[in-house]
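Peer 1: Sequential numbering from 27 applies to the sequence shown in the working numbering.
Source of the hints: derived by calculation from the structure; they are not laboratory data.
Among the hints, erroneous ones may be present.
Claimed, not checked - Derived DEER-like restraints, expressed as beta-carbon distance ranges:
| id | residue 1 | residue 2 | range |
| --- | --- | --- | --- |
| 1 | Asn184 | Ser207 | 21 to 29 Å |
| 2 | Lys137 | Val328 | 46 to 54 Å |
| 3 | Asp355 | Pro136 | 39 to 47 Å |
| 4 | Pro151 | Pro189 | 27 to 35 Å |
| 5 | Gln326 | Gly162 | 53 to 61 Å |
| 6 | Arg191 | Ala370 | 47 to 55 Å |
| 7 | Lys285 | Asn184 | 26 to 34 Å |
| 8 | Glu199 | Gly142 | 22 to 30 Å |
| 9 | Ala370 | Leu41 | 19 to 27 Å |
It should be emphasised that the depicted structure is a prediction, and the values quoted were computed from it without experimental measurement.
Heads up, the beta-carbon is just placed ideally off N, CA and C, and yes, glycines get one too.
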Amino acid sequence: MSAQDTSVDHGFMQLALVQAQAAAQAGEVPVGAVVVHQGQVIASGHNSPVSSCDPSAHAEMNVLRAAALALGNYRLDECTLYVTLEPCVMCSGAVLHARLKRVVYGANEPKTGAAGSVLNVFEHPQLNHHTQITRGVLAAECAALLQIFFEQRRHEANAQRVPLREDALRLSESAMAAMQSLGLPPQWSRYTQELPVLNGLRLHWLDNRDEARPSSQDVHVFLHGPQSWSAAYLDALTSNTPSVAIDLPGFGLSDKPKKQSVHSMVWHAQVLAEFMVSLHATALSVHAPASMRPVLTQLQHVLNLPLEVHLDVQEVHMPSALHIAPYPDRGHEAGPRALRALLAAPPPLRR
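Using the sequences plus the hints, can you model the full thing?
Peer 2: And the structure:
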């Protein structure tokens with residue numbers, strides 16, 4: 027292969043990598059693909075089995091369907107498929123049926139690869155009369171995306187296994203998965219049990235910050251009201267502004283103490299203070315509905331950091347299914363009940 031051909035393959039594989047990154051952002055395994063016809067991209071796509079509830083919705087299958095529609099013919103014999111991961115048996119079969127001219131892939135798939143890793147359907151002349159295979163184009167970049175994705179998945183799985191206090195409730199893994207299907211981006215979820223004030227409870231927040239950015243930056247903190255939780259700010263977190271949306275203990279995906287008596291204005295303010303310190307921000311802006319003024323007033327008494335407060339925030343209306351998802355029964359609703367009562371008659375400030 028000439029240097030020019032290699033450069034062309036690298037360029038199209040970069041486009042497939044962009045699609046793989048989009049898959050990761052959507053909570054799908056990061057595999058992306060493009061189909062090229064006469065030097066032009068005619069279809070692009072990525073994995074979507076989870077979001078589409080379709081076991082066949084691999085990146086390759088999605089782009090082959092789109093390419094066939096673009097050309098008005100299921101025969102794609104003058105086309106090249108670029109995909110970031112070695113195709114499986116299903117996708118390889120579709121490639122052969124479409125009679126693609128070439129398949130160019132990035133990373134090997136040692137568990138299910140059907141282009142040489144586990145088996146090679148393309149080496150059988152009875153099946154393959156046409157398609158040529160090029161392996162390992164930008165393999166390191168393609169493999170790195172997968173490695174990062176699965177490391178995060180393992181981290182999330184480990185977070186699910188952290189000890190749960192006997193006096194608290196935690197949502198099940200199936201409930202978490204259901205919320206993702208309702209539009210909660212899994213890549214934004216973060217957890218900690220390390221804040222001293224939590225005393226073993228697990229705190230959840232949504233975080234749009236790029237881990238590659240330095241930690242010292244201006245951060246906007248979105249705080250829900252007594253009737254809501256962090257998902258109310260999903261739209262706000264889609265901006266490029268470094269932002270987080272916290273679930274107070276008893277709310278959203280944070281652990282939920284069973285007793286309402288655990289909740290107090292001082293406790294929630296201390297949780298917010300320790301959480302904000304942990305963000306290592308150079309400046310903090312907190313956004314909350316006006317109903318949370320008493321909590322933020324208490325926060326300003328315990329937080330030794332400059333804080334800009336905005337109390338005119340309107341929480342975005344969530345679909346009812348997502349709004350109630352963290353509260354499957356009355357036991358999970360102790361936090362909202364307690365905070366509503368506290369805000370109706372807030373206690374005096376601690377001096």
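Peer 1: Please go over all the hints and tell whether each is borne out by the structure.
Peer 2: Outcome of the hint check:
1. Hint check: Asn184 to Ser207, Cβ distance near 22 Å, so the stated range 21 to 29 Å holds.
2. The supplied range of 46 to 54 Å is met by Lys137 and Val328, whose beta-carbon atoms lie about 51 Å from each other.
3. Separation of Asp355 from Pro136 is about 44 Å and conforms to the stated range, judged on CB atoms against 39 to 47 Å.
4. Restraint check, Pro151 to Pro189: a C-beta distance of roughly 58 Å breaks the suggested window 27 to 35 Å.
5. At roughly 57 Å, the beta-carbon separation of Gln326 and Gly162 lies within the given 53 to 61 Å, and the hint holds.
6. In this structure the hint that Arg191 and Ala370 lie 47 to 55 Å apart at CB is violated, the actual value being about 27 Å.
7. Separation of Lys285 from Asn184 is about 28 Å and conforms to the stated range, judged on CB atoms against 26 to 34 Å.
8. Under the hint 22 to 30 Å, the C-beta atoms of Glu199 and Gly142, about 35 Å apart, miss the expected range.
9. As the Cβ distance of Ala370 to Leu41 is approximately 56 Å, the hint placing it in 19 to 27 Å is violated.
When the structure is compared with the earlier hints, violations turn up for hints 4, 6, 8 and 9 and for no others.
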